[in-house]
Amino acid sequence: MQNFETLKMKLERLDGQFRSTVEKAPRKEILVSHQAYGYWEDRYGIKQLSVSGLSPSNEPSQKELTQLIQTAKQHHIRYVIFEQNVHPKTAEVIQNEIGAKPLRLHNLESLTDEDRKAHKDYFSLMAENLRVLQKALH
0 MQNFETLKMK LERLDGQFRS TVEKAPRKEI LVSHQAYGYW EDRYGIKQLS
50 VSGLSPSNEP SQKELTQLIQ TAKQHHIRYV IFEQNVHPKT AEVIQNEIGA
100 KPLRLHNLES LTDEDRKAHK DYFSLMAENL RVLQKALH
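The sequence shown begins at 0 in numbering that gives the first Met the number 0 and counts up by one.
Keep in mind the hints are simulated off the structure, nothing from the lab. Take every hint as true, because none was put in to throw you off.
Straight-line alpha carbon distances no greater than 25 Å define the calculated SDA-like cross-link-like pairs of lysine to any residue that follow: (1) 27 with 43; (2) 46 with 89; (3) 27 with 91; (4) 46 with 26; (5) 134 with 66; (6) 7 with 107; (7) 27 with 42; (8) 134 with 108; (9) 119 with 101; (10) 27 with 58; (11) 72 with 91; (12) 27 with 72; (13) 119 with 38; (14) 88 with 106; (15) 23 with 12; (16) 100 with 64.
Here are the simulated distance ranges between beta carbons: (17) 59 with 129: 25 to 31 Å; (18) 137 with 10: 23 to 29 Å; (19) 41 with 112: 30 to 36 Å; (20) 59 with 119: 31 to 37 Å; (21) 101 with 59: 15 to 21 Å; (22) 1 with 75: 44 to 50 Å.
No experiment lies behind these values; they were computed from the predicted model shown. Every residue, glycine too, gets a C-beta built ideally from N, C-alpha and C.
Full structure from sequences and hints, please.
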């Protein structure tokens, strides 16, 4: 029972840190390589502008691409968020078009050898993701 309580406390603290980060942020929009952060939209009120659909291999039409670039410029987006193992060409085009810089989120799908050697775990990786999100929202 003590392990459960410790885990619950850590998860609640992490949730509070995400909530606080978003609440204090001057913007709520993030530009992401693909539409993978609906749970952040639902839980924290973030608005994800995605280059592609649910799969990183789905490419937008020319009209959608133009619209996305205009929206990103309107919201003064300065970063494009990619997962650590995804970097679609279309996102690079948008990044160059709006003068944005790339940021990397760890999708927690798998740990690399480097992650293991650094003794990274769910909480350390989520802390890194939180710093990325904070940078993207400011």
